[in-house]
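Here's the letter readout for the chains.
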Amino acid sequence: MTGAHSARAKSRAANRLLVQVGRRGGPWVLLLAVNALLVAAVETALPAVLGRAIDAILELDDPGRWLIWLALLVSTLMLGDVLEDVGIGAATARSTAWLRHTSLRHMLSVRLGSAERFPPGDLATRLVSNTAEAGSVGPDVVGGVAALVPAIGGTVALFLIDPWLGLTFVAGAPVLLFLLWAFAKDASELTENYLETQGVIAGRLGRAIAGARTIAAAGTTSRETGRVLAPLPELHRHGTGMWHAQTRITTQDLLLMSLLEVAVLAVAGLQLSRGLISAGDLLAASAYVALAATFSSAISTVTELVRNRASATRVGDLLSLPPVDYGTAGLPSDGGRIELRDVTVRAGGRLLMNHVSVVVPARALVAVVGRSGAGKSLFARLAGRLVDPDDGEVLLDGVPLRSLDRRTLRSAIGYGFERPALFGGTLAEAISFGTTVPVDDEVAVAARAAHADDFIRRMPDGYQTRLADAPMSGGEVQRVGLARTFAHASRVLVLDDVAASLDTVTEHEISRALTGAMSDRTRLLVAHRASTAARADSVIWLDEGRVRAYAPHHELWLDPAYRALFDPVAAPADPPPVLVEIGAAP
Amino acid sequence: MTPSSERTAARDVLVGSVRSRKSAFRRLAGWSVLEALPALLSGLLVAAALDDGFLVGDLQTGFRWLGAFGLSVVVGAWGTRQTLRQLAEVVEPFRDELVTGVVTGALRRSTEPGASPATADAARLTQQVEIVREAYAAVLMVVQQFVVVSVAALIGLLTLEPIVLVIVAPPFLVAVAVFTAALRRMADQQRAFILADEQLSEAATGIGAGLRDVVAGGGEDRVAEVVGRHIDAQAAATRSLGRLTAVGSVAVSIGTWLPLVLVLAAGSWLLERGATTGVIVGTVTYLLQGLQPALQTLVQGLSGPGLWLMVTLRRVVGAIGAAAEPGAADVDDAERGDREPSLQMRDVTFAYSAWAAPVVQDLALDVPPGDHLAIVGPSGVGKSTLAGLMTGLLVPQTGTVTLGGGGLTGLSAYALARHRVLIPQEAYVFAGTLLENLAYLREDVPRPTLDAAVDRLGARQLVDRIGGYDADLDPFLLSAGERQLITLVRAYVSSASLVILDEATCHLDPSAEAIVEAAFGERPGTLIVIAHRISSALRARRIMVMNGTSVEVGTDAELRATSPLYGDLVGHWQAEIKVAATR
Numbered sequence: 001m002t003g004a005h006s007a008r009a010k011s012r013a014a015n016r017l018l019v020q021v022g023r024r025g026g027p028w029v030l031l032l033a034v035n036a037l038l039v040a041a042v043e044t045a046l047p048a049v050l051g052r053a054i055d056a057i058l059e060l061d062d063p064g065r066w067l068i069w070l071a072l073l074v075s076t077l078m079l080g081d082v083l084e085d086v087g088i089g090a091a092t093a094r095s096t097a098w099l100r101h102t103s104l105r106h107m108l109s110v111r112l113g114s115a116e117r118f119p120p121g122d123l124a125t126r127l128v129s130n131t132a133e134a135g136s137v138g139p140d141v142v143g144g145v146a147a148l149v150p151a152i153g154g155t156v157a158l159f160l161i162d163p164w165l166g167l168t169f170v171a172g173a174p175v176l177l178f179l180l181w182a183f184a185k186d187a188s189e190l191t192e193n194y195l196e197t198q199g200v201i202a203g204r205l206g207r208a209i210a211g212a213r214t215i216a217a218a219g220t221t222s223r224e225t226g227r228v229l230a231p232l233p234e235l236h237r238h239g240t241g242m243w244h245a246q247t248r249i250t251t252q253d254l255l256l257m258s259l260l261e262v263a264v265l266a267v268a269g270l271q272l273s274r275g276l277i278s279a280g281d282l283l284a285a286s287a288y289v290a291l292a293a294t295f296s297s298a299i300s301t302v303t304e305l306v307r308n309r310a311s312a313t314r315v316g317d318l319l320s321l322p323p324v325d326y327g328t329a330g331l332p333s334d335g336g337r338i339e340l341r342d343v344t345v346r347a348g349g350r351l352l353m354n355h356v357s358v359v360v361p362a363r364a365l366v367a368v369v370g371r372s373g374a375g376k377s378l379f380a381r382l383a384g385r386l387v388d389p390d391d392g393e394v395l396l397d398g399v400p401l402r403s404l405d406r407r408t409l410r411s412a413i414g415y416g417f418e419r420p421a422l423f424g425g426t427l428a429e430a431i432s433f434g435t436t437v438p439v440d441d442e443v444a445v446a447a448r449a450a451h452a453d454d455f456i457r458r459m460p461d462g463y464q465t466r467l468a469d470a471p472m473s474g475g476e477v478q479r480v481g482l483a484r485t486f487a488h489a490s491r492v493l494v495l496d497d498v499a500a501s502l503d504t505v506t507e508h509e510i511s512r513a514l515t516g517a518m519s520d521r522t523r524l525l526v527a528h529r530a531s532t533a534a535r536a537d538s539v540i541w542l543d544e545g546r547v548r549a550y551a552p553h554h555e556l557w558l559d560p561a562y563r564a565l566f567d568p569v570a571a572p573a574d575p576p577p578v579l580v581e582i583g584a585a586p
Numbered sequence: 001m002t003p004s005s006e007r008t009a010a011r012d013v014l015v016g017s018v019r020s021r022k023s024a025f026r027r028l029a030g031w032s033v034l035e036a037l038p039a040l041l042s043g044l045l046v047a048a049a050l051d052d053g054f055l056v057g058d059l060q061t062g063f064r065w066l067g068a069f070g071l072s073v074v075v076g077a078w079g080t081r082q083t084l085r086q087l088a089e090v091v092e093p094f095r096d097e098l099v100t101g102v103v104t105g106a107l108r109r110s111t112e113p114g115a116s117p118a119t120a121d122a123a124r125l126t127q128q129v130e131i132v133r134e135a136y137a138a139v140l141m142v143v144q145q146f147v148v149v150s151v152a153a154l155i156g157l158l159t160l161e162p163i164v165l166v167i168v169a170p171p172f173l174v175a176v177a178v179f180t181a182a183l184r185r186m187a188d189q190q191r192a193f194i195l196a197d198e199q200l201s202e203a204a205t206g207i208g209a210g211l212r213d214v215v216a217g218g219g220e221d222r223v224a225e226v227v228g229r230h231i232d233a234q235a236a237a238t239r240s241l242g243r244l245t246a247v248g249s250v251a252v253s254i255g256t257w258l259p260l261v262l263v264l265a266a267g268s269w270l271l272e273r274g275a276t277t278g279v280i281v282g283t284v285t286y287l288l289q290g291l292q293p294a295l296q297t298l299v300q301g302l303s304g305p306g307l308w309l310m311v312t313l314r315r316v317v318g319a320i321g322a323a324a325e326p327g328a329a330d331v332d333d334a335e336r337g338d339r340e341p342s343l344q345m346r347d348v349t350f351a352y353s354a355w356a357a358p359v360v361q362d363l364a365l366d367v368p369p370g371d372h373l374a375i376v377g378p379s380g381v382g383k384s385t386l387a388g389l390m391t392g393l394l395v396p397q398t399g400t401v402t403l404g405g406g407g408l409t410g411l412s413a414y415a416l417a418r419h420r421v422l423i424p425q426e427a428y429v430f431a432g433t434l435l436e437n438l439a440y441l442r443e444d445v446p447r448p449t450l451d452a453a454v455d456r457l458g459a460r461q462l463v464d465r466i467g468g469y470d471a472d473l474d475p476f477l478l479s480a481g482e483r484q485l486i487t488l489v490r491a492y493v494s495s496a497s498l499v500i501l502d503e504a505t506c507h508l509d510p511s512a513e514a515i516v517e518a519a520f521g522e523r524p525g526t527l528i529v530i531a532h533r534i535s536s537a538l539r540a541r542r543i544m545v546m547n548g549t550s551v552e553v554g555t556d557a558e559l560r561a562t563s564p565l566y567g568d569l570v571g572h573w574q575a576e577i578k579v580a581a582t583r
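Residue numbers (the numbering used here), protein chains in the order written: chain A, 1 to 586; chain E, 1 to 583.
Check before you lean on any hint, since a few could be wrong.
Non-contacting residues of chain E with respect to chain A, defined by C-beta distances greater than 10 Å in every case (computed) [what the hints assert, rightly or not]:
1) Gln-144
2) Thr-180
3) Pro-448
4) Leu-478
What follows is a set of in silico ranges between Cβ atoms, one per label pair, in the way DEER data are often shown [to be verified]:
5) Ser-353/E x Pro-322/A: 42 to 50 Å
6) Pro-113/E x Ile-299/A: 53 to 61 Å
7) Ile-152/A x Asp-474/E: 52 to 60 Å
8) Glu-202/E x Ile-152/A: 42 to 50 Å
9) Gly-392/A x Glu-6/E: 57 to 65 Å
10) Arg-185/E x Arg-23/A: 26 to 34 Å
If you are wondering where the hints come from, they were derived from the structure by calculation, not from laboratory data.
Beta carbons: idealized from backbone N, C-alpha and C, even for Gly.
Could you build the full structure based on these sequences and the hints that come with them?
Right, dumping it as structure tokens:
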């Protein structure tokens, strides 16, 4: 697809989305449309009725009838305004909520790789701000169309009262339009300068906050404050310039509008003196000039609609991502055997995983090692279907992961990350986060195995402490994440070398759990340290997307290339000392 | 800050902004009177034009009165121009005050002892100040316009036909009262809306950053449910706001259409009392062109910008925080002497909070002058915390830290900086000249000293690439390693004799790191390095291993023998070898 083609397709998709969003406003949108047209009609008729009423009063010709009409129209207007306000709120709320729920659910169901391409802040903007901007499309369209009625109707009415009135107005209107257009161009440059200077201050502040430790240590806080605020006088200048420009246009606008009105009044007065129109008509005319001049709001409607469309496009980017296909199959009652069968993963013309076939026996403890970029993380992701292979198949106990039901898959295979993201209000909720909800007992058992129970109990509310109130070190967060994994994964654990950032005591406890309490599950460890690899039953050595070797650590240690994986400093090629680790239970 | 203190503070800020610029506001009021002219005269002049001119066939008089109206419009427009320019003189200084307060508060809070890192969001803060600026201006304009036009119209009505005021004023005032009452509730709803929006954004960002965990754990349903609640909360707030806005519309109708209908209903009675056609038309003009637009503008202005101002100003005021306490007494200014670069820590215990496990416990450490100490340990064990304690940025719960025999408390941060320098991992390089960045800690560094330092640390190529000392730096165009090199030169030329590098060479490649550490090793004084690579540890004279709260100090050879953790960290192999038949 060429660039233009796909851009067109994108804008068509955005339009379709906007229509859907608008319809989701429910009956409110229809109600708003009918109401808006009615109100617009009343607004347009009102000056005329007012004129007739005044004439009737002045000529003492049964003013009561016209007054009743006036009262009726005014009440309709009042009710219409109330309905409009309530309706806009309700329609926007419904449309926006629907779009947000839909986008959120969709985002949670797409392929992890495609969703992760969006930086978190961008994702949040699309989910929160862009949905809100697109959600108001129904009321915006209705309001925009309806706003044209009084503008056009007012102009027509002027012509109907007296053609000369209409002509006077039409002569002056283009000047107004030109001024508005000229202002938009004028103001944008000034606004840009202002925003740029503002960005400089924000950037300096952000950098200074990031460098707070340096500043605190150097004792230069006041110097830094001065430096961050240095562009402030320039900001002041640009800001004042903006106000002056706006002053110019507002004054010009006001002057032109008022003089236009005086001109129309003068012509009306002339016609009045000639007996061609009545006093009521003159009043109606002055009211119609004000009405007709609202055509300038049509311009703001167009900008609103353009914004709606742009936002819909951004939300559409999320909705167009392909979702993951889960199957419906279950697993045999016991197991944990992972098999990669001729698995290939490609990206950008490169082979990240090259026809890999490997079997991890049930309940084995296997380490995965390799240089950075060799494919360790990819391997880990494949094992638990965080990524789908381009060719080949990954199987758990003989069942392809692709055909597994989502719940079965996620409760069978669990991940322990080096930097886990915790979800939930309290620590207990963070550990029970997952497909199944473990009972309280299981939460504590898992926390003990992850060596997290101690520090959790020390917290003011223990397990009920809210995450926001419990600042934890990196190692502590890791252990809560591990507890979460231990509490859920029933068959397979895929772990980053989580012990790498823990002290020896904690590390010992966790490796004891891994080789003890968790030994009824398959454990796949992405290892960075020799001691981790040594503890495993076997080691998978990945090199450039291929399995270079699959053997126990002490056999592989004879290879200098293997040794070099662990020691960043060139280590002497001594034969490995035969050590029996003292004090650790097997 | 509690909600009520926030509200009071916000109100004080608004009142203060008026009081501190009384003369500008007085000028504003003055020009407003001029601006009110057309509103005042519109009805009168139109009435006269009709009665004395067009209705009696006297075109000249008619046009003359309309001409006068046109003139008043021009004068009024001039008044508008002056008023708006005067507005700029009030709004811009107000914004300046807010920005200064926000920046000062944010920097003070992040550099306070024991401050948690990166608590302020610079972008959001500046955006909020901008919202306040625009809303403040809009509210001022709206309120000023409303007061001017409605007072003028009411006076005009009074002049035209006093009795009409009795019909018009009560509904108008009732409308204003009803709207003002609704405004408080609208502000509450608006706050709820904004809070729900922020919670939603935070939740969405959290999901975006932790999507991997959500999918891997199968918690999609949980997440959708929790976030869904925020989505629904915002929808409810939107609906509420819509309903409350409707109250405003009702107020406008009561305030303008009702008087109109009443005046016309009394029309025949007014005519009997001697009112002319012009009077009737003039009265309706005042209502339709004066009071109605004024009330409409007020309602729209306060329902939109007014609410934003009230809600956002409170957040900004919260960010500015309590007024800064005066800094610690500058005892140091009398202390001109240098201290010897040694460090002693006795019985130091530190924990981040009352229930947290201590990072260090009863720590004792002696670093004699001229020592080169490396600190190693697993990540998260507390090496940076220890650096904070050594430099006085963190205060221990128990124990003492002394620098060259003297304590760290009672000294201002600036005085402390003369004795010791801390270079953290996050290299702080700012937009200024290269010289400003290099001489940050010693502004009067002699050029030859600076040149020698640049050469010794291997930074000459970098300086040439940037374009010399007077070239402007753009931190974004430098790599992480280049930024670190600049901060290292900065530390090298400072006059402090105790240097602490907290993984400050982590982005340099090993050879560059070796050059830098050798240079610092030769530099007179004491060097403490928190090592990122084990090679840094090997270059030091002594090594300290942090293992939880326990600490071991020794040479490389000693520690390899006694500390299993150290052995692990240097990559040696320790295994739970099953002495088995496989061998």
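Here is how each hint holds up against the structure:
With a closest Cβ-Cβ approach of about 13 Å to chain A, Gln-144/E is found to remain outside the 10 Å limit, as its non-interface label requires. No Cβ of chain A comes within 10 Å of the Cβ of Thr-180/E; the nearest lies about 18 Å off, and the non-interface call holds. Its beta-carbon lying about 23 Å from the closest one in chain A, Pro-448/E satisfies the requirement of being farther than 10 Å from that chain. Listed as outside the interface, Leu-478/E is consistent with that label: its C-beta sits roughly 12 Å from the nearest C-beta of chain A, beyond the 10 Å cut-off.
Range check, Ser-353/E to Pro-322/A: Cβ separation about 46 Å, and the 42 to 50 Å hint holds. The beta-carbon spacing between Pro-113/E and Ile-299/A, approximately 55 Å, falls within the hinted interval of 53 to 61 Å. Distance hint check for Ile-152/A and Asp-474/E: the Cβ-Cβ separation is about 54 Å, which falls inside the suggested range of 52 to 60 Å. At roughly 46 Å, the beta carbons of Glu-202/E and Ile-152/A sit within the given window of 42 to 50 Å.
Judged by the Cβ atoms, the range 57 to 65 Å given for Gly-392/A and Glu-6/E holds: they are separated by roughly 60 Å. Under the hint 26 to 34 Å, the C-beta atoms of Arg-185/E and Arg-23/A, about 32 Å apart, fit the expected range.
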